[in-house]
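Fit the two chains together into the complex; they arrive one by one in their own frames, and the hints show the way.
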Amino acid sequence: MTLITRILSKIGSATVDAVWTLGTASVFIFRVLSRSAIVLRRPRLLVAEMHFAGVLSLVIIIVSGLFVGLVLGLQGYETLKRYGSTGAVGTLVALSLVRELGPVVSALLFASRAGSAITAEIGIMKTTEQLSAMEMMAVDPHARVVAPMFWGGFLSMPLLAAIFSAMGIIGGYLITVVVIGVDSGAFWSQMQASVDFHHDILNGVIKSIVFGAAVSSIAVYEGYASVPTAEGVSRAVTRTVVTSALAVLALDFVLTAFMFTGVH
Amino acid sequence: MDRSMVDLWVGLFVAVGIGALLFLALKAGNVDSIIKSEGYSVSAEFDNIGGLKAKAPVKSAGVIVGRVSSVNFSNQSLRAVVKLDLDERFQFPKDSSASILTAGLLGDQFVGIDPGGSLENLVEGDRLRITQSAIVLEKVIGQFLYGKMSETNSD
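Chains as they are written, first to last, in this note's numbering: chain E, 1 to 264; chain A, 1 to 155.
The following block holds chain A by itself, in its conformation from the complex (with noise of 0.2 Å):
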């Protein structure tokens, strides 16, 4: 083989392998980890996150409006502290609610915004004041379980 065939043959393989590069950044990966959108922040406090991780989507009426930046406790309200950063694209009503729900029966945890009524709109390093905890499923079955076990005394 002669030098320009070697030349054209390494050539290809480069921008296959740069192509290959690009296919699992844009086809596999998803392109908004790349350009990191701009947005805001803001935190919310739980009694319980439950299995909540950083990096969990936020949800709002079931489209990823933002993602869950960090999972911290507070030493003042002894209660968990959430950040979440959500795309400047949505806004909400500074009263809306943020409860963690689960994916499936055993899927993973997310935070869901429940839009409020207020007229203004939710800005950077607000709180959001209404929340509601992870249902931790021990306790649901624990509850169930005494109630059934009233229901039989009182037999």
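Next comes chain E alone, as it looks inside the complex (with noise of 0.2 Å):
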């Protein structure tokens, strides 16, 4: 008995924590949002953390790009010989970087790439004071330091998604076209035949702007919540990773089940 009333605490107490999370966190994003005036004031501080969260991840985003568009290229080839159809293989790159793995594999590269940087910066920033010291100035930390970065990831996302997205097409351009001997002309005739400007490509900025936001409010949270220790900041980062992979995962399983079933 006292061991059923013992599980039974344990999921209604962490089912409450995961409320109250859930609440502090809202509340937190919504402050951030609120004191967002700051990025047009002082456009100086965005410019800063687009280059920390986006240029710096232009690296990571093209090579991965174009080493998925290399293997998409090259299976999808070797399954369509067997019908003869080769030259559908642009539509099958374009499509499934367009619409799934574009926004998701850069939402997931950024959460880790520039995510965990974000929490790491704050979670320390909270450890050695430095928020404390800010608010006794009569500075507001939401504003200085989290707006930046919460907006500096949100706007980078979608770009990175963008050319991920497209060094992938141009990486499943070189494997099958120039290196197998796809017929040129097949791969992008297919390829623009079967891609929708409004259902395809628009929803796959949709996804990436929706991911961003996921990504960027997870790791400005973890950050800022983080237990000012130092493995305090070590276990936010590890949260901030885990959590931005699963929100990913789940809101682009919401959002395909939204955007591309159904009669169209």
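Do not rely on the hints blindly, as some may be mistaken.
Between beta-carbon pairs, the in silico distance windows are [to be verified]:
#: 1; chain 1: E; residue 1: A193; chain 2: A; residue 2: E138; range: 27 to 33 Å
#: 2; chain 1: E; residue 1: S189; chain 2: A; residue 2: E38; range: 49 to 55 Å
#: 3; chain 1: A; residue 1: G50; chain 2: E; residue 2: L56; range: 29 to 35 Å
#: 4; chain 1: A; residue 1: D114; chain 2: E; residue 2: K81; range: 33 to 39 Å
#: 5; chain 1: E; residue 1: V242; chain 2: A; residue 2: L26; range: 37 to 43 Å
#: 6; chain 1: A; residue 1: G11; chain 2: E; residue 2: S184; range: 48 to 54 Å
#: 7; chain 1: A; residue 1: G19; chain 2: E; residue 2: D17; range: 41 to 47 Å
#: 8; chain 1: A; residue 1: G142; chain 2: E; residue 2: I11; range: 45 to 51 Å
#: 9; chain 1: A; residue 1: G50; chain 2: E; residue 2: T238; range: 50 to 56 Å
#: 10; chain 1: A; residue 1: D114; chain 2: E; residue 2: V63; range: 48 to 54 Å
#: 11; chain 1: E; residue 1: V242; chain 2: A; residue 2: E138; range: 48 to 54 Å
#: 12; chain 1: E; residue 1: F258; chain 2: A; residue 2: T102; range: 18 to 24 Å
#: 13; chain 1: A; residue 1: G50; chain 2: E; residue 2: G12; range: 54 to 60 Å
#: 14; chain 1: A; residue 1: Y146; chain 2: E; residue 2: I206; range: 49 to 55 Å
No lab work stands behind these hints: they were computed from the structure.
For each residue, glycine too, the CB sits at the ideal point set by N, CA and C.
What follows is the structure, encoded as structure tokens:
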């Protein structure tokens, strides 16, 4: 009997904790958003954060995009060869990248490259009491530190996803057309015949915007809520990466169910 | 790194990102779907449309001349009503016929338009009178087997 009550109370307290965290995080994000006017007043802060979250993530995004495209082209070619429709490999590469892989994989890379760094930076600022010092000087850390980081990540993510998709298509082109020898005209024309601007490309961009908002929110919140010790910051960074990955995949399922299913 | 270099890199990053979006929109996607070209809409009734779906291409002599805008069922005629959006650059005689064809053996289905001989052209809201339904593989196989059986019985 005591075992059952203990298990039940564990489940109960875990649920209450989760709801509590969700509430705190929502209030925190709302507070950051409501103090975001600083980004317009001092665009330099935003530019610095976009450099940190966007420009420094370019190398990993470009290289992974290229390799994902190469693999997709190779695998797609091997499968389509059996049906004698290797020209459709362009369609396969472009649709899988623009709809799914571009936004999802770049969001996962973005979470581990930029999200973790954002969490660590805010966490260490908290540990070394820089945030408290700012408050003492009547500088609001939500506005001065957190808001530019959030918006830098939010604005970088759709651009990174677009670059990822474009690099993937170039990778697919390189392996199938240049190396294997699929007809270049068939590759591009079949791709253009089946990739729709509104249905595929815009929905992919919407996905990347949602993922950018989710990953940036999680990263700044975990940093701000971290326990101010070395161990606490390291746990916060881990939580950022894990929670971001789960959130991105779950959101992707929901968005895909809305965007790409049913009669259209 | 001093501030001007950071600005330069961020500017470059934004330019490359927008360039990638343009690449996706113009090179990977079809430009026609962004700029909706002017056109006219006609309808056709079919006994059976097979697997025809909205957005399937409408072709004449193998050239894409429009798209299927909707597929519906008519309670009056008890047939399938297919609406076709045709590009206004292409004009067809009023007595043209529509048939549902398949690209390759297992490919997607599309609507083919065979031009007739009338001097008047199709206009907005017209209906194609002569139609040919999709070939349903099961029916063809059934007819073939039936024919084979009656052949062997007569021997």
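Results for each hint:
{"no.": "1", "hint": "E:A193 / A:E138: 27 to 33 Å", "verdict": "holds (29 Å)"}
{"no.": "2", "hint": "E:S189 / A:E38: 49 to 55 Å", "verdict": "violated (23 Å)"}
{"no.": "3", "hint": "A:G50 / E:L56: 29 to 35 Å", "verdict": "violated (53 Å)"}
{"no.": "4", "hint": "A:D114 / E:K81: 33 to 39 Å", "verdict": "holds (34 Å)"}
{"no.": "5", "hint": "E:V242 / A:L26: 37 to 43 Å", "verdict": "holds (38 Å)"}
{"no.": "6", "hint": "A:G11 / E:S184: 48 to 54 Å", "verdict": "violated (33 Å)"}
{"no.": "7", "hint": "A:G19 / E:D17: 41 to 47 Å", "verdict": "holds (45 Å)"}
{"no.": "8", "hint": "A:G142 / E:I11: 45 to 51 Å", "verdict": "violated (59 Å)"}
{"no.": "9", "hint": "A:G50 / E:T238: 50 to 56 Å", "verdict": "holds (54 Å)"}
{"no.": "10", "hint": "A:D114 / E:V63: 48 to 54 Å", "verdict": "holds (52 Å)"}
{"no.": "11", "hint": "E:V242 / A:E138: 48 to 54 Å", "verdict": "holds (51 Å)"}
{"no.": "12", "hint": "E:F258 / A:T102: 18 to 24 Å", "verdict": "violated (31 Å)"}
{"no.": "13", "hint": "A:G50 / E:G12: 54 to 60 Å", "verdict": "holds (56 Å)"}
{"no.": "14", "hint": "A:Y146 / E:I206: 49 to 55 Å", "verdict": "holds (53 Å)"}
Violated hints for the displayed structure, listed by number in ascending order: 2, 3, 6, 8, 12.
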